[in-house]
Amino acid sequence: MFSAPKGVPDYIPPTSAAFLHVRSTLTRAAELAGYGYVELPVFEDTALFARGVGESTDVVSKEMYSFLDRGDRSITLRPEGTAGVMRAVIEHSLDRGSLPVKLFYAGQFFRAEAPQAGRYRQFHQVGIEAIGIDDPALDAEVIAVGDAGFRALGLTGYRLEITSLGDANCRPAYRALLQAFLAKLPLDEPTRQRAELNPLRVLDDKRPEVRELVAEAPLMVDHLCDDCRAHYELVKAYLTELGVKFVENPRMVRGLDYYTKTTFEFVHDGLGAQSGIGGGGRYDGLMAQLGGQELSGVGYGLGVDRALLAAQAEGVLPEFSRVDVIGVPLARPRGPVWSRSPVSCVPPACGRTSSTAAGR
RNA sequence: GUGGGUGUAGCUCAGCUGGCAGAGCACUGGGUUGUGAUCCCAGGUGUCGCGGGUUCAAGUCCCGUCACUCACCCCA
4 MFSAPKGVPD YIPPTSAAFL HVRSTLTRAA ELAGYGYVEL PVFEDTALFA
54 RGVGESTDVV SKEMYSFLDR GDRSITLRPE GTAGVMRAVI EHSLDRGSLP
104 VKLFYAGQFF RAEAPQAGRY RQFHQVGIEA IGIDDPALDA EVIAVGDAGF
154 RALGLTGYRL EITSLGDANC RPAYRALLQA FLAKLPLDEP TRQRAELNPL
204 RVLDDKRPEV RELVAEAPLM VDHLCDDCRA HYELVKAYLT ELGVKFVENP
254 RMVRGLDYYT KTTFEFVHDG LGAQSGIGGG GRYDGLMAQL GGQELSGVGY
304 GLGVDRALLA AQAEGVLPEF SRVDVIGVPL ARPRGPVWSR SPVSCVPPAC
354 GRTSSTAAGR
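In terms of the working numbering, the first sequence opens at residue 4 and continues consecutively.
If you are wondering where the hints come from, they were derived from the structure by calculation, not from laboratory data.
A portion of the hints provided could be inaccurate.
[Unchecked claim] Heads up, simulated DSS-like pairs for lysine-lysine below, C-alpha to C-alpha not over 30 angstroms straight-line:
#, residue 1, residue 2
1, Lys9, Lys65
2, Lys239, Lys65
3, Lys9, Lys209
4, Lys187, Lys239
5, Lys187, Lys209
6, Lys209, Lys239
These figures come from a predicted structure and were not determined experimentally.
When you get a sec, could you build the whole thing from the sequences and use the hints?
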């Protein structure tokens, strides 16, 4: 007997109806905000992700599904959406029209991780990208659209965390400062290596003893350059203006290298260890890095699978009825019976009769 | 990759200290009924994950193995 590959979910009735509901609710929020749909390939040139996401990230270094195609080209099943959207924008010169370019997508993504509650090897995201405008108002808009999607689902048990990661001006100096701080701490070897590769991640350590050690560590938000600081302050002001509630989390970590300035995450506590139901941020250097113009961008990815789990945990999903009408035969149907009814309808099945019909 | 938990009917699960495999739901057939609803009767429900071992006797105890799962890690 066959079974689905490890870590890959099947959505079957009745849960599949809820899955569609969640996905369409999240995409609807993007449509309502004026974003245009892009349908992009599920696999791309491996180098696109390596360069876009960052060679040193876990996603690229050990979680990609890569293979050689028949022409010996290295192909990778997409682990995230932004790099592919940037590629398409550049390839089709969308960035040469009016800015910002506003796009959304929905689909499957793949990461070869150990499966866990809310973490799958094939998972589903709905994402948006807004490209070409530096204005912090755009950051606030993107965040608000994501928040609106979750709210439309009926979710209330999540919080929005935001912070700023600085940019090429201020982050390198901060990073050196943090590494110098961490080097003086009595950390175990794996953590020491993490401090070397991605020092921010150490700030996010779950172990209480480590949290205590890094309690006094310098934070990026205290070392932002003037430009980044002003940007961050405006994002917060705009969010407040939009009525979007948020909390600042200066220790937030994102898994992709391209983020600059604003980053954010939607966190839900009802899912188990994998609490992020969506996240995103600004990525000002990415377009240029992938061979496009020097254009900024900001976007998010929302986890459909996790949003579904969250909605189930909160009990906010509507009842999904597969059919509105059931046809009952009074005599044995003698051929195919198919209803053209505008309501969903189960006609009497061939080869079956009710005991009533059979008895008369 | 490293730990913990769980593998028994199609599904959800009982099975206490070794002693003949069980319940509910679902399913099939029949009966009642102007529903394929409800109710009643009858019935498949099974390599007890797999392989060894201990024992007169293993679903139960021991070893191994595989799968699933949760957690670390990482993240949507």
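For each hint, the structure was consulted:
no.	hint	result
1	Lys9 <-> Lys65	holds, 17 angstroms
2	Lys239 <-> Lys65	violated, 35 angstroms
3	Lys9 <-> Lys209	holds, 27 angstroms
4	Lys187 <-> Lys239	violated, 34 angstroms
5	Lys187 <-> Lys209	holds, 20 angstroms
6	Lys209 <-> Lys239	holds, 27 angstroms
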